[in-house]
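Peer 1: Single-letter residue listing:
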Amino acid sequence: MIARLLLILSLLLPTAAFAVQPDEMLQDPALEARAREISKGLRCLVCRNESIDDSNADLARDLRIEVRTQITEGKSNDEVVNFLVDKYGEYVLLKPRDTGSNRVLYLAGPGMLIVGLLAAFFYLRRRSHAPAPLEAGLNSDEAERLDKIMKG
Amino acid sequence: MIAELGHFALILAFITALMQMVIPLVGAHKRWPGWMAFAEPAANVQFLLTAFAFGALMYAFVTSDFSLSLVVANSHSAKPMLYKITGVWGNHEGSMLLWVLIVTLFGAMAQWFGHGLPPTLKARILAVQSAIGAAFFAFILFTSNPFLRMDVVPFDGRGLNPLLQDPGLAFHPPFLYVGYVGLSMAFSFAVAALIEGRIDAAWGRWVRPWTLAAWMFLTVGIGLGSWWAYYELGWGGFWFWDPVENASFMPWLIAAALLHSSIVVEKRESLKSWTILLAIIAFGFSLVGAFITRSGIITSVHAFATDPERGVFLLLILAVFVGGALTLYAARASAMQAKGVFSFVSRESALVLNNILLAVSAFVVFVGTIWPLISEMAFDRKLSVGAPFFDQAFTPFMVVLGIVLPIGAMLPWKRARLGRVLKQLIPAIVFSLAVGALLWAMESEKTALGPVGLMLGAWLVSGAAIDLLTRTGRGGAGRLGRLARLPRADWGKAVAHAGLGVTIAGISGLLAWEAEDIRVVQTGESFDLAGYTITLDNVATVPGPNYTSTMADVTLSQDGKKISTLHPEKRVYPVAGMPTTEAAIDIGFLRDVYVVIGDPQENGGWAMRAYYKPLANWIWGGAILMAFGGLLSLSDRRYRVAAGARKTVAQGVPAE
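Those sequence lines, one after another, are chains A and B.
Position one of the first sequence corresponds to residue 1 (our numbering), numbered consecutively onward.
Position one of the second sequence corresponds to residue 153 (our numbering), numbered consecutively onward.
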């Protein structure tokens, strides 16, 4: 209860100049470490593409405190994240969930790699079986050029 | 008056570009020498006119001409001169002018150094380059005119974003632009070759220096940007996978692939159509980057111009150039006959693997960057794709690339035996395994990242060293002399590959062993961090040229011995009403100690953050090595000799 009160009080302090503030941090280093880990995966909703762990925005601070409150209430990492996703939507996750249409995002890299490797395999097989050209000989341009030189 | 002249010069340059886009192409098609030769003076005129326009804008910034709305919005009379100058490109309109200036500079350079090129190819290259210029001239003149006047001239300007008032950030855009736009040269070469209908070893040799130069500038530009983020943003992050960073990283990856595939074209006359495709994609990614940055469609912290009209215009440019080039490619690529024959195990196939890994990793970055857009439009799911995704999806490609690189770099052309190369690499294998095992044993908290990353780094560096040594042949005597006499391109290759190893080692060392302390400190109080003692001695308010600074004196010591005094600052810029943090860093070879001062606390004392950052400088050290390797390779005699030798025969070669 007192911790809660302190947190509410800390919200009233002037705005932060940089991300995680000393007054937000939990006493227990293990719990604080968990809070940091969770924060790194959550997006600061107002500042684009920054995690709440890095952001200076007030909203990021609110979220950091929210995460810590939940942790002190004894919730697991997944429960904390699920709670925030329910509240703010999928948008809050920096690493989208690998479900539904997001399968495409996760399979794009490996899929493309397989396509590339297959294409390379067939290309290399063709190159290694190709009839050897007359490497020592002349191609048509060179022959033509030689012709000109001889005539000229 | 000068601003109007600048505007007028820009319009003339646009008209020149339009003419240079059409006349040489017709000339090359009809074989009319006069029409083809039109491109040469036109390229110079275009460049001089654009340079004049750029000079006019710079003059307006330097003299703080507040009748120009751009100067009002981005400058202030009290700003230091350096930032008045860099303020020219610290905004949308000015940076587009810089962009188009570089496009015309490259066009002019192709003309200056392109004596050996066959006349039709040269005319076509200059025409395509000019088409790119014309598109951007139109973009500037119709949507982003930097020379607009104010109706009422204000007394002073609104100032430059304080974050941009920093040497690291002020100079990274020009480097990046030279890189992006340098890839337009490869694009012009590719499209000209497609129109011409032929591509041979000489083409590979001509296109490679331009790509190499572009890649070097991108390397330096990305490195500068990352270094800036590291010391300026207040917690030492060096890469954020921000859309704008990705926009510069994708062309870098593709340019790296293009560099390597053009070697195969040059040496073995294979991979021709793939190389052409890469050249188109590389510049395509540059345009995608411009689009992402300028349209603000994937909004990010960097987006400084959110304007749909500009976005649509850029999308149109992207569609016309990439779409047009790809159509041409589809029609003509089958004419590119590969000549070289090689087996599965050969330098050629190693370079194919390099290309696959680089191109697919760029593709992963691309999909991740645009996925929020696709997901929202196609699936109505509003989501974010950030650092944790990219770390997971991108890193494996770099690990595989790092493992195969030293082996591939040593495989002979045509037909190779893997066992032979591996045998030569035994010292490197032993060395890197020893590094990994030693670090694993020394670690107090067992994480795989540090030892594995440094093992990979050691493997790349020692592999590059062995690659160089084996080129000197056998026998101790005279070996050092032979080493020094190796072609610069060989040295460039080894240095750049070692640089990649140093960067990989730096990134993994930093991420694995970083330590952090955030706390409230009273003046005079000390605390320990990773074996160092940090003491806050004093905090004072100090006036700066156009800001007020809260500056702390912090003593860094180890085992009672003082190492240095650091001065972290918090600056407030009254004109912009914005605070910035200036971290103080004690820079070392093996580690940085990074100190930031925060707000005063109610119970007295100051919030402070201190970081121990092992191997931080290796990240940028590696980037410098990579760029230097590129420079060494670029200075290789063989490029100049080849360019000179071709001059004599080029006249007689019919193009088709």
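Just so you know, these hints were derived from the structure itself, not from any lab.
Be a bit skeptical, because a hint or two may be false.
What the hints assert, rightly or not - Pairs of lysine-lysine residues, derived as PhoX-like cross-links and limited to a Cα-Cα distance of at most 25 Å, are as follows: (1) K75(A) - K40(A); (2) K419(B) - K645(B); (3) K566(B) - K491(B); (4) K598(B) - K87(A); (5) K75(A) - K87(A); (6) K40(A) - K598(B); (7) K40(A) - K534(B); (8) K598(B) - K491(B).
Said to hold, decoys possible - Per label pair, the in silico range of CB-to-CB distance: (9) I526(B) - D28(A): 37 to 45 Å; (10) N82(A) - V582(B): 42 to 50 Å; (11) F496(B) - E73(A): 53 to 61 Å; (12) T72(A) - F307(B): 50 to 58 Å; (13) K75(A) - M302(B): 36 to 44 Å; (14) P110(A) - T693(B): 41 to 49 Å; (15) M302(B) - L59(A): 20 to 28 Å; (16) V46(A) - D532(B): 21 to 29 Å; (17) E73(A) - A667(B): 37 to 45 Å; (18) Q674(B) - L59(A): 27 to 35 Å; (19) A692(B) - D98(A): 49 to 57 Å.
Predicted, not measured: the structure shown is a model, and the values here were computed from it.
No residue lacks a Cβ here, since even glycine has one placed at the ideal position from N, Cα and C.
Peer 1: Does each hint hold? Answer for all of them.
Peer 2: Each hint, compared with the structure:
no.: 1; hint: K75(A) - K40(A); result: holds (18 Å)
no.: 2; hint: K419(B) - K645(B); result: holds (15 Å)
no.: 3; hint: K566(B) - K491(B); result: holds (12 Å)
no.: 4; hint: K598(B) - K87(A); result: violated (36 Å)
no.: 5; hint: K75(A) - K87(A); result: holds (16 Å)
no.: 6; hint: K40(A) - K598(B); result: holds (21 Å)
no.: 7; hint: K40(A) - K534(B); result: holds (19 Å)
no.: 8; hint: K598(B) - K491(B); result: violated (52 Å)
no.: 9; hint: I526(B) - D28(A): 37 to 45 Å; result: holds (42 Å)
no.: 10; hint: N82(A) - V582(B): 42 to 50 Å; result: holds (48 Å)
no.: 11; hint: F496(B) - E73(A): 53 to 61 Å; result: holds (60 Å)
no.: 12; hint: T72(A) - F307(B): 50 to 58 Å; result: holds (54 Å)
no.: 13; hint: K75(A) - M302(B): 36 to 44 Å; result: violated (57 Å)
no.: 14; hint: P110(A) - T693(B): 41 to 49 Å; result: violated (56 Å)
no.: 15; hint: M302(B) - L59(A): 20 to 28 Å; result: violated (36 Å)
no.: 16; hint: V46(A) - D532(B): 21 to 29 Å; result: holds (22 Å)
no.: 17; hint: E73(A) - A667(B): 37 to 45 Å; result: violated (29 Å)
no.: 18; hint: Q674(B) - L59(A): 27 to 35 Å; result: holds (30 Å)
no.: 19; hint: A692(B) - D98(A): 49 to 57 Å; result: holds (52 Å)
Hint compliance for this structure: hints 4, 8, 13, 14, 15, 17 are not met, and every other hint is.
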